[in-house]
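Here is what each chain is made of, one letter per residue.
2 protein chains.
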Amino acid sequence: MILLDGKMVSEELNLKLKNKVDSFDVKPQLDIILIGNNPASLSYVKGKKKAASLVGITTNLHHLDENISQEEVERLINSLNQDEKVDGILLQLPIPKHLDQEYLMDLIAYEKDPDGFHVVNQGKLFQKRKTIYPATPKGIMTLLDYYNIPIEGKSVVVVGRSNIVGMPISKMLLDRNATVTICHSKTKNIKEITKTADILVVAIGIPKFITKDMVKQDVVLVDVGINRVDEKLVGDADFDEIKDIASYITPVPKGVGPMTIHSLLFNTVLLYESKNTK
Amino acid sequence: MILLDGKMVSEELNLKLKNKVDSFDVKPQLDIILIGNNPASLSYVKGKKKAASLVGITTNLHHLDENISQEEVERLINSLNQDEKVDGILLQLPIPKHLDQEYLMDLIAYEKDPDGFHVVNQGKLFQKRKTIYPATPKGIMTLLDYYNIPIEGKSVVVVGRSNIVGMPISKMLLDRNATVTICHSKTKNIKEITKTADILVVAIGIPKFITKDMVKQDVVLVDVGINRVDEKLVGDADFDEIKDIASYITPVPKGVGPMTIHSLLFNTVLLYESKNTK
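Same order as they appear, the protein sequences are chains A and B. At position 184 of the first sequence the residue is numbered 184 (our numbering), and the sequence of numbers has no breaks. At position 249 of the second sequence the residue is numbered 249 (our numbering), and the sequence of numbers has no breaks.
Bear in mind the hints are in silico, worked out from the structure with no lab data behind them. Take these hints with a grain of salt, some might be off.
Given that identical chains are not distinguished, each listed pair holds provided it fits within a single copy or across any two copies.
[To be verified] Derived pair list, reagent style EDC-like, types lysine to aspartate or glutamate, alpha-carbon separation capped at 20 Å:
hint: 1; residue 1: 186; residue 2: 152
hint: 2; residue 1: 130; residue 2: 111
hint: 3; residue 1: 212; residue 2: 241
hint: 4; residue 1: 275; residue 2: 238
hint: 5; residue 1: 208; residue 2: 152
hint: 6; residue 1: 27; residue 2: 72
hint: 7; residue 1: 7; residue 2: 72
hint: 8; residue 1: 212; residue 2: 240
hint: 9; residue 1: 49; residue 2: 218
hint: 10; residue 1: 216; residue 2: 192
hint: 11; residue 1: 97; residue 2: 230
hint: 12; residue 1: 216; residue 2: 12
hint: 13; residue 1: 130; residue 2: 106
hint: 14; residue 1: 186; residue 2: 198
hint: 15; residue 1: 154; residue 2: 192
hint: 16; residue 1: 97; residue 2: 241
hint: 17; residue 1: 97; residue 2: 198
hint: 18; residue 1: 154; residue 2: 273
hint: 19; residue 1: 27; residue 2: 71
hint: 20; residue 1: 188; residue 2: 218
hint: 21; residue 1: 50; residue 2: 71
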């Protein structure tokens with residue numbers, strides 16, 4: 001078994017990105033909008049700020065009160081859209097329920113969307129056009145490519161169909177000529193399906209959902225799950241059970257997580273570069 | 001075997017649509033842009049105009065010279081976008097190679113896109129939001145529902161991954177809780193996969209690609225192929241071979257084709273109604 005070491009790979013690729021950013025006179029700027037004090041969000045934002053700073057990307061944190069009005073958030077997004085210094089705008093999810101998340105996400109200029117969540121960017125992905133790829137699936141592709149794992153002609157099973165992970169990773173693997181099956185909570189006989197996978201991507205949010213009887217010998221297992229169980233982070237697959245069957249496997253934590261942050265920084269630099277080549 | 005009779009169903013649903021349109025004081029208006037004289041396109045446009053007229057939708061055909069400039073097509077689209085009388089703008093594909101098809105498709109207002117091909121409409125589909133569904137997959141869903149064919153929990157195999165058929169029908173079936181496998185020309189052992197399908201949708205453009213040894217007993221077979229072989233229209237599946245194995249099967253012609261045209265008219269009325277409720 002070879003560990004898909006997202007921590008190591010992301011550190012190496014972040015360093016490469018830093019060297020590029022060092023050559024820029026003006027640094028890329030990422031503005032993060034954080035609303036309220038969700039502990040997980042605070043921790044994610046801290047991680048993103050720290051990684052950005054290591055790479056040389058300037059971050060501005062707009063930490064808003066959880067009771068802020070829709071109009072005020074709109075006003076902030078509009079001003080960041082207008083501001084030429086701003087390369088990326090990240091709205092940290094989830095946001096309080098009284099706000100219209102869909103409207104706010106649509107309001108962010110799609111040319112300033114390092115998360116790749118904007119409807120236009122996702123439409124372009126759907127149409128196989130050049131786009132900003134969502135950070136997590138982009139990170140997974142980068143990790144698979146780093147380890148030279150073949151994709152074309154492979155049987156891929158994706159468990160989960162969110163538009164943040166399941167759908168875009170399915171499309172990106174399909175665009176690389178894999179045959180892709182998308183499963184979810186309503187799938188029957190899921191074990192029979194996951195057992196056919198050469199590459200199995202799990203993003204269903206259930207701790208240790210994938211057990212050793214659900215995978216075939218030499219599977220490549222990519223675990224996107226980050227579940228908190230008894231103060232510990234646990235993936236959607238039972239790592240200890242599967243590690244001796246898999247040919248490649250991501251750990252949780254330090255697998256897909258750091259690759260997601262790398263992709264976010266990569267996308268921010270991409271947005272910066274495309275702004276400056278206009 | 002029960003025939004999925006697209007001709008009969010579309011006639012019934014077009015009549016329902018006509019009754020609705022009859023109640024409108026101002027009729028919905030569909031503008032069709034046809035560039036050049038591709039024989040298949042001429043025939044498709046004729047069919048669309050005829051069906052629209054039966055339903056009571058006004059059509060305007062803009063038949064342009066095949067050497068028309070990009071700027072002139074842009075000017076036409078812009079004026080149709082502005083024109084409040086126009087509910088739907090249909091750019092008949094393919095268009096001559098000197099024109100920038102992607103740019104022109106993006107230029108059509110997504111609120112006037114009865115084909116459901118606009119990047120914003122496809123992005124919304126990707127994000128499971130209310131949208132205008134592409135006409136062919138929408139027609140397939142309508143046909144399956146007309147015959148009360150269960151979708152939730154079923155194993156669906158889609159052969160083809162275009163953004164006109166394969167991708168959107170996959171997403172729409174997934175949103176109805178089917179488990180979906182997407183195959184294509186680079187898929188290995190495709191027969192093993194198609195044999196697992198409860199519902200098999202074929203849109204690969206190869207005459208009689210699906211043979212009886214590739215399907216399981218009682219499959220529901222939806223054939224999107226329209227191939228001209230020796231002056232005859234032939235589907236992507238071998239109808240004669242499979243008709244006794246399938247529980248339901250679409251004929252070619254008179255299966256998915258008329259349902260696509262129905263969906264186009266349905267979408268035009270939808271755009272008309274949403275304009276008038278703003």
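- prompt: Any hints this thing doesn't respect? Which numbers, in order?
  reply: Violated: hints 4, 5, 6, 7, 9, 11, 12, 16, 17, 18, 19, 21.
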